[in-house]
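Number of protein chains: 4
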Amino acid sequence: MRTVLLTGFEPFDQDTINPSWEAVRPLDGTLAGDVRIVARQLPCAFAQAPEHLQQLLDEFEPELVIAVGLGPGRADICIERVAININDARIPDNLGYQPIDTPVVAHGPAAYFSTLPIKAMVRAIRVAGIPASVSHTAGTFVCNQVFYYLQHALAGTAVRSGFIHVPALPQQAVQCGGPSMAQTTLVEGLRIAVISALNTTDDVLESGGQIS
Amino acid sequence: MRTVLLTGFEPFDQDTINPSWEAVRPLDGTLAGDVRIVARQLPCAFAQAPEHLQQLLDEFEPELVIAVGLGPGRADICIERVAININDARIPDNLGYQPIDTPVVAHGPAAYFSTLPIKAMVRAIRVAGIPASVSHTAGTFVCNQVFYYLQHALAGTAVRSGFIHVPALPQQAVQCGGPSMAQTTLVEGLRIAVISALNTTDDVLESGGQIS
Amino acid sequence: MRTVLLTGFEPFDQDTINPSWEAVRPLDGTLAGDVRIVARQLPCAFAQAPEHLQQLLDEFEPELVIAVGLGPGRADICIERVAININDARIPDNLGYQPIDTPVVAHGPAAYFSTLPIKAMVRAIRVAGIPASVSHTAGTFVCNQVFYYLQHALAGTAVRSGFIHVPALPQQAVQCGGPSMAQTTLVEGLRIAVISALNTTDDVLESGGQIS
Amino acid sequence: MRTVLLTGFEPFDQDTINPSWEAVRPLDGTLAGDVRIVARQLPCAFAQAPEHLQQLLDEFEPELVIAVGLGPGRADICIERVAININDARIPDNLGYQPIDTPVVAHGPAAYFSTLPIKAMVRAIRVAGIPASVSHTAGTFVCNQVFYYLQHALAGTAVRSGFIHVPALPQQAVQCGGPSMAQTTLVEGLRIAVISALNTTDDVLESGGQIS
Numbered sequence: 001m002r003t004v005l006l007t008g009f010e011p012f013d014q015d016t017i018n019p020s021w022e023a024v025r026p027l028d029g030t031l032a033g034d035v036r037i038v039a040r041q042l043p044c045a046f047a048q049a050p051e052h053l054q055q056l057l058d059e060f061e062p063e064l065v066i067a068v069g070l071g072p073g074r075a076d077i078c079i080e081r082v083a084i085n086i087n088d089a090r091i092p093d094n095l096g097y098q099p100i101d102t103p104v105v106a107h108g109p110a111a112y113f114s115t116l117p118i119k120a121m122v123r124a125i126r127v128a129g130i131p132a133s134v135s136h137t138a139g140t141f142v143c144n145q146v147f148y149y150l151q152h153a154l155a156g157t158a159v160r161s162g163f164i165h166v167p168a169l170p171q172q173a174v175q176c177g178g179p180s181m182a183q184t185t186l187v188e189g190l191r192i193a194v195i196s197a198l199n200t201t202d203d204v205l206e207s208g209g210q211i212s
Numbered sequence: 001m002r003t004v005l006l007t008g009f010e011p012f013d014q015d016t017i018n019p020s021w022e023a024v025r026p027l028d029g030t031l032a033g034d035v036r037i038v039a040r041q042l043p044c045a046f047a048q049a050p051e052h053l054q055q056l057l058d059e060f061e062p063e064l065v066i067a068v069g070l071g072p073g074r075a076d077i078c079i080e081r082v083a084i085n086i087n088d089a090r091i092p093d094n095l096g097y098q099p100i101d102t103p104v105v106a107h108g109p110a111a112y113f114s115t116l117p118i119k120a121m122v123r124a125i126r127v128a129g130i131p132a133s134v135s136h137t138a139g140t141f142v143c144n145q146v147f148y149y150l151q152h153a154l155a156g157t158a159v160r161s162g163f164i165h166v167p168a169l170p171q172q173a174v175q176c177g178g179p180s181m182a183q184t185t186l187v188e189g190l191r192i193a194v195i196s197a198l199n200t201t202d203d204v205l206e207s208g209g210q211i212s
Numbered sequence: 001m002r003t004v005l006l007t008g009f010e011p012f013d014q015d016t017i018n019p020s021w022e023a024v025r026p027l028d029g030t031l032a033g034d035v036r037i038v039a040r041q042l043p044c045a046f047a048q049a050p051e052h053l054q055q056l057l058d059e060f061e062p063e064l065v066i067a068v069g070l071g072p073g074r075a076d077i078c079i080e081r082v083a084i085n086i087n088d089a090r091i092p093d094n095l096g097y098q099p100i101d102t103p104v105v106a107h108g109p110a111a112y113f114s115t116l117p118i119k120a121m122v123r124a125i126r127v128a129g130i131p132a133s134v135s136h137t138a139g140t141f142v143c144n145q146v147f148y149y150l151q152h153a154l155a156g157t158a159v160r161s162g163f164i165h166v167p168a169l170p171q172q173a174v175q176c177g178g179p180s181m182a183q184t185t186l187v188e189g190l191r192i193a194v195i196s197a198l199n200t201t202d203d204v205l206e207s208g209g210q211i212s
Numbered sequence: 001m002r003t004v005l006l007t008g009f010e011p012f013d014q015d016t017i018n019p020s021w022e023a024v025r026p027l028d029g030t031l032a033g034d035v036r037i038v039a040r041q042l043p044c045a046f047a048q049a050p051e052h053l054q055q056l057l058d059e060f061e062p063e064l065v066i067a068v069g070l071g072p073g074r075a076d077i078c079i080e081r082v083a084i085n086i087n088d089a090r091i092p093d094n095l096g097y098q099p100i101d102t103p104v105v106a107h108g109p110a111a112y113f114s115t116l117p118i119k120a121m122v123r124a125i126r127v128a129g130i131p132a133s134v135s136h137t138a139g140t141f142v143c144n145q146v147f148y149y150l151q152h153a154l155a156g157t158a159v160r161s162g163f164i165h166v167p168a169l170p171q172q173a174v175q176c177g178g179p180s181m182a183q184t185t186l187v188e189g190l191r192i193a194v195i196s197a198l199n200t201t202d203d204v205l206e207s208g209g210q211i212s
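Chains as they are written, first to last, in the UniProt record's numbering: chain A, 1 to 212; chain B, 1 to 212; chain C, 1 to 212; chain D, 1 to 212.
Incorrect hints may have been included.
Claimed, not checked - Some chain C residues close to chain D (C-beta under 10 Å, calculated; not the full set): (1) Pro-72; (2) Arg-90; (3) Asn-94; (4) Ile-125; (5) Ala-128; (6) Ala-132; (7) Gln-175; (8) Gly-177; (9) Gly-178; (10) Thr-185; (11) Leu-205; (12) Glu-206.
Said to hold, decoys possible - With the Cβ distance kept under 10 Å, some of the chain B side facing chain A (calculated, not the full set): (13) Gln-41; (14) Pro-43; (15) Ala-45; (16) Gln-48; (17) Ala-75; (18) Arg-90; (19) Pro-92; (20) Gly-96; (21) Ile-125; (22) Gly-129; (23) Thr-157; (24) Ala-158; (25) Leu-169; (26) Pro-179.
As the list claims (entries may be wrong) - Computed footprint of chain C on chain D, listed as stretches where at least three residues anywhere in the stretch have a Cβ under 8 Å from a Cβ of chain C: (27) 51–58; (28) 123–130.
Quick caveat, the hints were computed from the structure, so don't treat them as lab data.
Using N, Cα and C, we set each Cβ at its ideal position, and we do this for glycine too.
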């Protein structure tokens, strides 16, 4: 059966909940047309996340993969454009590991672009009244590591893949301040992202760039 | 019958929707215990809003009044602490009027404090997982005008009153960027605010201040 | 001799330097036309600052007083419009005191407006290429306390007075992040503010307001 | 003679001044030890900037190249980590050209990392009391184009190179709002960056990463 794989992360640092998992979990087992959606959780740990992701790729043989992570301080759903080959952790991951300036994949290329139709996805989410934009950095923590590993693992295949950062949930913003997005909005945004990615062969040509 | 009056504003400037009205409209006709909630819309115009508000006060004789307005760029539900006796409009209102440095009420005091239990309301909303905080400026546009007029009109009475600024709706943030809050979250936050205000006689003593 | 009194604060919290003092200290003993400028430091403590300020007012009998404080996170020189009669400290002051919801002056009015020509001052500073704006909240910490006390002490006199918040210094932003302003820019901005206030009888009529 | 090449941009869009040029222009003709610093201006145009830069590389045969650009809204000196192979212009450049999703260099790699000791440079600037940090996106406009082209042109050589984004000048922030940095601070920051880059063989190992 045609399959879309979505991943979210387990809670990180002080949090007891991770909006990336709350955003994709309700889509697990649902259908996008005749394509089933599978949602799975990744550990927030450099030493485990890539291997865990590889197992999911092997098990489900998806035609489309979207990994999702929390982007603290972000106000909208951010479709990431590029993954870079560097780990540089400001704080330790969930296993206490804090790599600084190590490559995600030794001798890998400096970066991979998303192979998702990022402009079409942004447009589709926005048309539904949900804030979204293209982002040009996925950071240098486990999110970027997973994104880079994903693109590396699928490079040269027909499987399209990419990464989305989501805002904090309202209950997290109660503690930390900053913008937030309701879970229902996140889930709907992710659902639209999946459908848009499945339905778009050639990405639309409209600006999603940044001056700096 | 015991009555709570909520007001929201009509759409303003380029907008076709105003989150302050979307936040209170669904509460119109509902009950908070044995107290009915009445929600009405105010014009976003200096020349009309106070008179319109006065008519609502006369008509419904509420025991509690909360006026609500849009706070563009705000990320949480802001319980306003103080209204000041100044109109200073950066842009024209919906009737094209743009007062600069005029008083809301000639010879009125410089300011009125909210008579709502603002700390208890912030706490109650946050306990429900919805971001909220005390705000120390309601600006100098029609929101502040309505807030000041409201406090002036009810000064010396037993009727408690105040003002709440709400974030933009997600569909507005699609256009303007910045943080947003889902309508369902706004309505729930306002509902909790009303109940908290009704149930609190003496405000709680916890910090909601700002360094600057 | 005609005198302008400027005050800045001693370092606060973790800081070893306070930009408000660095901004006014170099102006001490200088002349603005035939008016001498006196700059003095205030303690960052609720229990001491008003009394200390009163002594300075008694000693120098200034015709113009501008108190200056640090506004963490602010990007420009903020000419404050209004002081409110409330102390609400998020963190303890330099003596460990943290008042919550106490009045600055018992039975004082809710607020005092600045008696400085705030619009003319903003314009003059901006004409010199230095970012400045009107601010509508001085917070609820010692800055606001000093501002309120100052306006209260001079109410009904011909002495004009007000408050200015300045950004952090670059060396502070190295530690805390956020915007900053060079000391030379701060000093020049304050010097222009003094001259503008001395030279302006009637404030200019241009918008400095905020929507919310 | 050993040479460091610095570039800044001509004014862009509505501006009459570009802080990137004001930051490097005063360093032109100065010495860093026995190394001369040459500062030159680049056009803010996709069709001209790379060729212009190549001419400078040919003419001066520098051992170190730092291109500098304006980062509107940035509060500190941002040492860029990575250039990506994409042009995506939100607004037209100074020749009216607005490429969307075109490569900087056809068939070039997805990205190049800076070959500067970015962590040592950040540390050195910060030690001098000037805010600085590592940045993980140089945008998708002419700044990133120049950065990518520079790294591409020098790939495989011993010449080290990279890009720095600087905040707006105070006189620009007067118009546009947001944070700014004084020209003297910018020049000092750039001077330190050059010296640090010249003196550092192996970059220091300390975190400059971002969660997302």
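Here is what the structure says about each hint:
1. Here the hint on C:Pro-72 is broken, as its CB sits about 13 Å from the closest CB of chain D, past 10 Å.
2. At about 23 Å, the closest approach between the beta carbon of C:Arg-90 and any beta carbon in chain D exceeds 10 Å, and the interface hint on this residue is violated.
3. Look at C:Asn-94: its Cβ only gets to about 23 Å from chain D, farther than 10 Å, so that hint breaks.
4. Look at C:Ile-125: its Cβ gets to within about 9 Å of chain D, closer than 10 Å, so that hint holds up.
5. Hint on C:Ala-128 holds. Least Cβ distance to chain D is approximately 9 Å, under the 10 Å limit.
6. Satisfaction of the interface hint for C:Ala-132 is found here, the shortest Cβ-Cβ separation to chain D being roughly 8 Å, below the 10 Å cut-off.
7. Using the Cβ-Cβ criterion of 10 Å, the hint placing C:Gln-175 at the interface with chain D is satisfied: the shortest such distance is roughly 9 Å.
8. For C:Gly-177, the interface hint holds, since its Cβ comes within 10 Å of a Cβ in chain D; the closest pair sits about 7 Å apart.
9. Interface restraint check: C:Gly-178 against chain D, minimum CB-CB distance 6 Å, threshold 10 Å, status holds.
10. Restraint check, C:Thr-185 versus chain D: the minimum CB separation of about 5 Å is within 10 Å; hint holds.
11. Taken as an interface hint, C:Leu-205 does not check out: its beta carbon lies about 20 Å from the nearest beta carbon of chain D, beyond 10 Å.
12. Residue-level restraint check for C:Glu-206 is violated (minimum Cβ-Cβ distance to chain D is 14 Å; threshold 10 Å).
13. This hint is violated: B:Gln-41 has a C-beta 22 Å from the nearest C-beta of chain A, more than the 10 Å allowed.
14. At about 26 Å, the closest approach between the beta carbon of B:Pro-43 and any beta carbon in chain A exceeds 10 Å, and the interface hint on this residue is violated.
15. Evaluation of the B:Ala-45 hint against chain A yields a violated restraint, the C-beta minimum of about 27 Å exceeding 10 Å.
16. At its closest, the beta carbon of B:Gln-48 sits 30 Å from a beta carbon of chain A; the interface hint therefore is violated under the 10 Å criterion.
17. The criterion of a C-beta within 10 Å of any C-beta in chain A is met by B:Ala-75, whose closest approach is roughly 5 Å, and the hint holds.
18. At about 23 Å, the closest approach between the beta carbon of B:Arg-90 and any beta carbon in chain A exceeds 10 Å, and the interface hint on this residue is violated.
19. For B:Pro-92, the interface hint is violated, since its Cβ never comes within 10 Å of a Cβ in chain A; the closest pair sits about 27 Å apart.
20. Using the Cβ-Cβ criterion of 10 Å, the hint placing B:Gly-96 at the interface with chain A is not satisfied: the shortest such distance is roughly 29 Å.
21. Using the Cβ-Cβ criterion of 10 Å, the hint placing B:Ile-125 at the interface with chain A is satisfied: the shortest such distance is roughly 9 Å.
22. Restraint check, B:Gly-129 versus chain A: the minimum CB separation of about 4 Å is within 10 Å; hint holds.
23. Given the 10 Å rule on beta carbons, the hint for B:Thr-157 is violated: about 34 Å separates it from the nearest Cβ of chain A.
24. Residue-level restraint check for B:Ala-158 is violated (minimum Cβ-Cβ distance to chain A is 32 Å; threshold 10 Å).
25. With a least beta-carbon distance of about 8 Å to chain A, the hint placing B:Leu-169 at the interface is held under the 10 Å criterion.
26. This hint holds: B:Pro-179 has a C-beta 3 Å from the nearest C-beta of chain A, less than the 10 Å allowed.
27. Coverage of the segment 51–58 of chain D by chain C is violated [criterion: at least 3 residues with CB-CB distance below 8 Å; count 0].
28. Counting residues of the segment 123–130 of chain D whose CB lies closer than 8 Å to any CB of chain C gives 3, so the stated coverage by that chain holds, three being the minimum.
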